[in-house]
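Just need the whole structure built from these sequences, with the hints factored in.
Protein chains: 2
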Amino acid sequence: MAIPAQSQARVDMPQGFLDRLEQRFGDQLQTGEAMREQHGSSESHYVAMLPDAVVFAHSREDVVALVRICSEFLVPIVPFGAGTSIEGNAAALRGGVSLDMTRMDKIIAVNAEDFDCVIQPGVRREQLNEYLRDQGLFFPIDPGANATLGGMASTRASGTNAVRYGTMKDAVLSLEVVTPQGNVIRTATRARKSAAGYDLTRLYVGAEGTLGIITELSLRLHPIPEAISSAVCSFDGLDGAVDTVVQSIQCGVPLARVEILDSLQMRAVNRWSKLDYPEAPTLFFEFHGSPAYVAEQVVTVKAIAETNGGGEFAWSNRPEERNKLWRARHDAYYAAVNLREGAIGWATDVCVPMSRLAECIAETHKDLATASMPATILGHVGDGNFHVVFSIDPDAPEEMREVEAINARLVERALAMEGTCTGEHGIGLGKQEWLVAELGDAVEEMRTIKRALDPENLMNPGKIFSL
Amino acid sequence: MAIPAQSQARVDMPQGFLDRLEQRFGDQLQTGEAMREQHGSSESHYVAMLPDAVVFAHSREDVVALVRICSEFLVPIVPFGAGTSIEGNAAALRGGVSLDMTRMDKIIAVNAEDFDCVIQPGVRREQLNEYLRDQGLFFPIDPGANATLGGMASTRASGTNAVRYGTMKDAVLSLEVVTPQGNVIRTATRARKSAAGYDLTRLYVGAEGTLGIITELSLRLHPIPEAISSAVCSFDGLDGAVDTVVQSIQCGVPLARVEILDSLQMRAVNRWSKLDYPEAPTLFFEFHGSPAYVAEQVVTVKAIAETNGGGEFAWSNRPEERNKLWRARHDAYYAAVNLREGAIGWATDVCVPMSRLAECIAETHKDLATASMPATILGHVGDGNFHVVFSIDPDAPEEMREVEAINARLVERALAMEGTCTGEHGIGLGKQEWLVAELGDAVEEMRTIKRALDPENLMNPGKIFSL
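Residue numbers (our numbering), protein chains in the order written: chain A, 14 to 480; chain B, 14 to 480.
To be clear, the hints were calculated from the coordinates, so they are not data collected in a lab. As the structure is a prediction and not an experimental result, all values here were calculated from the model. Be a bit skeptical, because a hint or two may be false.
Pairs count within a copy or across copies, as identical chains cannot be separated in the list.
Straight-line Cα separation of at most 25 Å, DMTMM-like style, residue types lysine to aspartate or glutamate; simulated pairs [claimed, not checked]:
hint : residue 1 : residue 2
1    : K119      : E431
2    : K315      : E372
3    : K315      : E126
4    : K315      : E239
5    : K287      : D249
Structure below.
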């Protein structure tokens, strides 16, 4: 994927800048190679793009101070969470400061009666759910990785529960944001809905840190369902699996999770997680509700699966079995990458209207059959969203080019079906030309907003689009 | 509510402007007093603010042409739907052109398998649902009035079903918008989720026409539930009614609708809709699901109501009974206004976290007890959102001042409880100072976006904020 030349230019650190940072941040400033390497790399295939410095924020005041200093010296800031994004979203493309938010990890308040909580952006998904469990609450958005909530908001993450509970767009009630000018704003109140002015909350959710730094989040929570059942069911073909999901949703079944994995992905999962599921197209299900309601959903879905070539349902109803099942699903990416020794992963995602999903997956599957490296399909089939994970040799540039071409065909296919070039990974560095292919002139409106709110282009510059 | 002086200035129609409009629009241009009066007035207490001309759009090309002409002559445009907004959102504050969208009322496509549809902005809520019924689908957002979908998107409308199905923020998949520069953009695809760039869809939803003109909408639809049950239940006190709702939600009951009406509002409803419910604090419920699931929800909610001083449930299960019940709820505003002969209505709304709702309603009820005009409380109690409707004498300025003071206390109360100054009516003209009280410096970010996207300030100028 070509990165526009203007954005590639690294900014030289101005004289006196690092001294000024050291003065203000002391030990919170780190400039060692290893630390910069860690903050400039990611789990995906992008080459490392190192920041010149890493600053660990402990408070909103730290963020304000850093933004003001960087604004004075015209140095870019790239906010950094768990580093689990996969489109180069947190790479320090132009150098500057990687702002590590992971030490801002306090859960400030849980308002159980209101089903919401207030947290700092460095809180991780699993940490939050462990904290909430005793109160009978949970936070549903689950992208697999144990990401920070600030990062999840910034990339508009979703994942396995989105089919029932929505994405970060739906989960965030309100944000505290430090603007590029160093002002602290609050985008909304704790009210569950509002018609008060422009929806700034939704503007910062998915902005990938290009408009400001999130320093606090209010999130919607949900009661832990009285009954939870998980099951695995394999199918004769991918189309039968997809049709089962489409028909279940059409029957009004509120599937809490429904994941598709193709045969090769199942082989990878079995190997990686030491399981022995059939190596066939498979659905992982989860049902939430009262015991009677879950039982009713299961009857409906089993009947639908049967007419679509589905086999027996293998149930995982005890919490530890369920956790094992979803751990295997979450590790599917690593499982796929490790189909080859020494390989690195390249994950991509598209999302299409449900009516086109079977066709989109079938054509993609056909295309992957000719690929010279292992490539698996898995995804959040209830949203029309799926991933392809390629296991590539990092020392073989021709493989990179081959994947680029397959990825291009995949995105073109999704766009032709009125879909989007990314359901949940974001644009980052990798999908900028596809964003334009998808939304055309609307991208100019985005650029206008970016220029207005961040006129010096210091907030994660060169991501989503170049200016 | 004081309107800042700068915004009040009417724009004089530049020479040649109306001729140019006539040339392009012929009969679609109307400048008669009655037509301008109709487009400058509303159902609420605001004084009429007449446009200089009314243009009826038949197509996006008409909208583009009008925007370009107005941009050339620097004349404001105020988009106009059903005229049912109640915070002066569509008043022609600075004159100019009222752009009537009601003739763009085509349902372009219904994609039943994808649970979505594509429509023009002048389509009305009831028209859409009549069209969808045969396909087993419905569009849930229901603000009561038979509003246009374009208007509902622009004010981020919600209403009785929001507790289960969300607001227009959740219902809109994608918009086609004509920008202030006359470009046509599409904010998203038909995919159910996307992480592709800034969420322009949510930016235009709730922008009250200040950033561009919506010319097409893709909307999420839902399957008509297999079973629907509606019931009315009266309570000893308002707090018992509110507690019933809070506890039901905490038990995970997915209430489809739950509306509160105080005793005076019930008297008004009985008189206006010729019904004979007890004149006591009352909840209107609706339950959706499979027959077994609805039955289960009902058992839970009845038990909770009983412990909170609730009486018998009066059921309306046949469609015509249900329609009668919800028609009465929708007419509650007119019922309240008509408690006095010759009166006009002033409706306001706030929304607070659920844990504060009982307290907020109780304090408001106490405050209203001293009011010199009839004033009722009703609202979407499952969201923490409620309305006060005042029935005022249009010839008594002291009543207007009294309501202003009560409204101010109401909004201050809601803000002190971490709520919002408007759950669903929007800011329009009436709540601009409260928007600032609620969100402070965040309003400056909104202004920056407005200035960047509409630098000449021609799109519904003076609404939400003045520049």
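Are there hints from earlier that the structure breaks, and if so, what are their numbers? Hint check: nothing fails, all pass.
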